[in-house]
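A.B. asks: Sequence:
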Amino acid sequence: MALAAAEPSKPPVPAPTAVTFAKAGAPLGEVVAELSKQSGVPIAVPPLLVNAKCGAAFDKAPFWSALQQSADTSGARIVVRESGARVELLPRGDSKEIAATSGPFRVVAKGVTGRALLDAGATFHEVALLAHWEPRLKVYRIDTTPRVSKVTDDRGSKLRDTGGSAQVLPSGATAEMKVQIEGVPRTAQRLTALAGAFHATVADRLLEFKFEAPGGALPPPQTLGGVTGALKKLQKKGNTWEVVLELGYPSGQPVFQSFEGQPWLRDNRLRLRSPDGNFVTIDEYEIPQPEQTSPLRVIHRFDENAKAGFANPTGKGWALVYETPAPLADVTVPFEFKDVPLP
1 MALAAAEPSK PPVPAPTAVT FAKAGAPLGE VVAELSKQSG VPIAVPPLLV NAKCGAAFDK
61 APFWSALQQS ADTSGARIVV RESGARVELL PRGDSKEIAA TSGPFRVVAK GVTGRALLDA
121 GATFHEVALL AHWEPRLKVY RIDTTPRVSK VTDDRGSKLR DTGGSAQVLP SGATAEMKVQ
181 IEGVPRTAQR LTALAGAFHA TVADRLLEFK FEAPGGALPP PQTLGGVTGA LKKLQKKGNT
241 WEVVLELGYP SGQPVFQSFE GQPWLRDNRL RLRSPDGNFV TIDEYEIPQP EQTSPLRVIH
301 RFDENAKAGF ANPTGKGWAL VYETPAPLAD VTVPFEFKDV PLP
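Quick note: the sequence shown uses this note's numbering, first residue 1, plus one each step.
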């Protein structure tokens, strides 16, 4: 699946979720409960930390920055669970948490390993990173080898990264990354700075179009978040309903190679909503002209089966609800670490 090609643009990193908590010194459990409520991110706190005093207070602060401040002031560390779907705070103990935030993204230095490739006669230090983001953000492609803009150690050595380029199509809200650094002397004890950036193809949310067609009368097109959705056909042949939708996206969309399109398609779905608010998903679809990306024409079919929830969509109170990602953007996410210990 490819969206229309255009000249490359450099849109800003999407805005983070802003959170507010004014009561400094509150128990960590109370702070985290409010952060979870405002952000929609599930956050678990073990009993040992629930009543820990949290010195954090913030006003419209980025979610990850606020959570990091809460953890730092209460002796906790942030652990990402279930591929980024939820977060847990654990006692920090002897662990060293080195992290950077940028918009809805957070990048963590997980470890440093010294490596010697004997057959190549090369030695380097490999820094393992974990990038994760607010689960609401849809990331369809992301670098796994960031571009390094600055790297220094406590000995003033001339360091450089080995470069390289690789990307992954994440299935959740996390991505592992690696940076390889050459020239680190044995006497160096820490990297005083490690800065760089990575690219990601993102949609900041899912859009939801609701089409009601009482008696079969087609509704007018709708525009949400820069995307136009239109119900072009709703017809029953025998016992099978055919639903034809057209989606128009703005120009300047990033391009997916054919093998990269599945994650984006995964987030497109059509559901049938009953008058009492229950949903069933219509799984069968085809895209007759995949090379034509705007408007994108999608045909869904389902057999009418009232007992299973697949009733007449033109009946009173019934609606077809289509979800699709908001317009895509290729964004550059910067990060910078200080004082990374070396083995």
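Since the hints were derived computationally from the structure, they do not count as laboratory data. Quantities reported herein were computed from a predicted structural model and do not represent experimental measurements. Note that beta-carbon positions come from the ideal geometry of N, C-alpha and C, so glycine has one too. Possibly wrong hints are sitting among the right ones.
[Claimed, not checked] Ranges between beta-carbon positions, derived for each pair:
#1 K23 <-> R269: 39 to 45 Å
#2 L117 <-> R271: 28 to 34 Å
#3 S258 <-> G156: 45 to 51 Å
#4 G315 <-> T20: 53 to 59 Å
A.B. asks: If a hint holds in the structure, say so; if it does not, say that too.
C.D. replies: Tested hints:
The hinted window of 39 to 45 Å between K23 and R269 holds, with their beta carbons roughly 41 Å apart. As the Cβ distance of L117 to R271 is approximately 52 Å, the hint placing it in 28 to 34 Å is violated. Taking the beta carbon of each, S258 and G156 are about 48 Å apart, inside 45 to 51 Å as hinted. For G315 and T20, the hinted distance range of 53 to 59 Å is not satisfied, since their beta carbons lie about 44 Å from each other.
Comparing the model with each numbered hint stated earlier shows that hints 2, 4 do not hold.
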